[in-house]
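A.B. asks: Here is how the chains run, residue by residue.
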Amino acid sequence: MTAEQLHEITLEVNGVPHRAVVPPRRLLSDALRHDLGLRGTHVGCEHGVCGTCTVLLDGEPVRSCLMLAVQAAGRHITTVEGLSGPTGELSAVQQAFIECHALQCGFCTPGFLTTITAFLEDHPEPDDAEIAEAIGGNLCRCTGYQNIKAAVRRAAEIRRDQAAEVTR
Amino acid sequence: MKPGPFDYSAPTTLGDTLTLLADLGPDGKVLAGGQSLIPILNMRLARFPHLVDINRVTELDTLEPVAGDGGGVRVGALARHARVERSAVTVQACPVLAQALRFVAHPAVKNRGTVCGALAHADPASELPAMLALLGGWVEVAHAGQATRHVPAGSFFLGPLESALGPGDLVVSARFPGVAGRSGTAFLEVARRRGDYALCGVGAAVTLDDDLRIVSARAAYVSVSPTPLVLDLTDAAAGRPAATADYAAAGRLARSAVSPEADIHAGEEYRRELAMVLTERALESAARRAGAPGRGGVTS
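Those protein sequences? They're chains A and B, same order as listed.
The numbers in our numbering rise by one with no breaks, and the one at position 130 of the first sequence is 130.
The numbers in our numbering rise by one with no breaks, and the one at position 300 of the second sequence is 300.
The following block holds chain A by itself, in its conformation from the complex (with noise of 0.2 Å):
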């Protein structure tokens, strides 16, 4: 092979399309942090096994450490930059990670926020087995995980309560 080549894309990330020029090779997780400075991502096992990189593609959760990013382009990506409200307030399940005492060391979670985030889009009332199979694909080391089960538990509870303030 000659020179490698160059793809020109735009990504939208959290609402926001930066451009970048990148080699096919170049990971989305990589492309992300190093490309566009969005190190809220982070990168552990690098082949989909330990979800810290875990970023929303059009709302759905997947490891951007398994997708190039020229094959992002043209879709919404939500990092874990995006999550919080316009004005910085924290999401239910940012809230509820402190609350619950849901992170240690804090490499694991931004993977389990986004990861998280989705799931309660689907499950607003989810029993245990439904929160231990949807958080089975992120690793923690620190945890033990029974705070981070807590902690999805309390953000539904969050979400639930500012539902009910905005139909009051």
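It is worth saying that the hints were derived from the structure and are not from the lab.
Among these hints, one or two may not hold up.
[As the list claims (entries may be wrong)] With beta-carbon atoms standing in for the labels, derived distance ranges: (1) B:ALA164 <-> A:LEU90: 48 to 56 Å; (2) A:ASP58 <-> B:MET43: 25 to 33 Å; (3) B:GLU261 <-> A:LEU90: 43 to 51 Å; (4) B:ARG194 <-> A:GLU99: 23 to 31 Å; (5) B:GLU59 <-> A:SER84: 37 to 45 Å.
[As the list claims (entries may be wrong)] Here chain B is said to cover these stretches of chain A; the calculated rule only asks that three of the stretch's residues, wherever they fall, bring their Cβ under 8 Å from a Cβ of chain B: (6) 4-12; (7) 47-53; (8) 58-64.
[Unchecked claim] Negatives, chain B to chain A, calculated, CB over 10 Å: (9) LEU14; (10) ALA67; (11) PRO152; (12) GLY168; (13) ARG213; (14) ARG240; (15) GLY267; (16) GLU273.
Just so we're clear, the structure is a prediction, and the values are computed from it rather than from any experiment.
Heads up, the beta-carbon is just placed ideally off N, CA and C, and yes, glycines get one too.
Dock chain B against the given chain A, drawing on the hints supplied.
C.D. replies: For chain B alone, coordinates are given in the frame of chain A:
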């Protein structure tokens, strides 16, 4: 861990995809969901000069029930695990496929990974090749300038990670037939965590006659043979009413027929034990469904 350099194309029609793959020959590699291919590239276990990304070929994003000719479902090359698992089409026309998909990977991986990609990857630890083999299904393979060919499961999986696909070939769909008449199916698996690779998985299909006696019983296995193994267990279970059949005998037969390899997760002996126990339970469950029309597993 980053992939080495490669060229990349993302055609938008099936015709362009096939032309490109034919031109590239052995240099081309199809990128579908990428959930097995990209880890391989990241770890540099393999290198391909040119990836042909089919994610923009929307005409391959199909999932449809098949009327007649064995029934079941036809899964297009871009249909992802999450969609196929949840779709009412699968649940009604091929429930055992939906059951098996519950055990495939984790949610974020299922949102990208494709059923046809898993078949093309031909991993003996994957549930999908075993399902194709259990149901007597086939893969539809397209190649520029040639008629589409149907490759049955039995001749598609040649070895671990080795399929009958040649340079320029593209799997355009997979056909998972239903089960006919008074039949039922079931899938069971043991893994260290839900979504991890199976230590052993078993899919079973049982057919009863009008007196609810077993006339056919077979099972297909995950993670205990180099290619999907299908065992005809009819002799061990046939002729008896489903309620009193000797499923344990069928389990013992399976125990000696599988050829598992030991790894860090489980020894050979333990995997044989799992094959035995899961065979017994899966057959019993499939037979129960066969005898209770409307409870899944039955297509007319």
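A.B. asks: Give a verdict on every hint.
C.D. replies: Going down the list of hints, with the structure as the test:
no.: 1; hint: B:ALA164 <-> A:LEU90: 48 to 56 Å; verdict: 53 Å, holds
no.: 2; hint: A:ASP58 <-> B:MET43: 25 to 33 Å; verdict: 28 Å, holds
no.: 3; hint: B:GLU261 <-> A:LEU90: 43 to 51 Å; verdict: 48 Å, holds
no.: 4; hint: B:ARG194 <-> A:GLU99: 23 to 31 Å; verdict: 27 Å, holds
no.: 5; hint: B:GLU59 <-> A:SER84: 37 to 45 Å; verdict: 39 Å, holds
no.: 6; hint: 4-12; verdict: holds (count 3)
no.: 7; hint: 47-53; verdict: holds (count 3)
no.: 8; hint: 58-64; verdict: holds (count 4)
no.: 9; hint: LEU14; verdict: 18 Å, holds
no.: 10; hint: ALA67; verdict: 31 Å, holds
no.: 11; hint: PRO152; verdict: 30 Å, holds
no.: 12; hint: GLY168; verdict: 20 Å, holds
no.: 13; hint: ARG213; verdict: 37 Å, holds
no.: 14; hint: ARG240; verdict: 35 Å, holds
no.: 15; hint: GLY267; verdict: 23 Å, holds
no.: 16; hint: GLU273; verdict: 25 Å, holds
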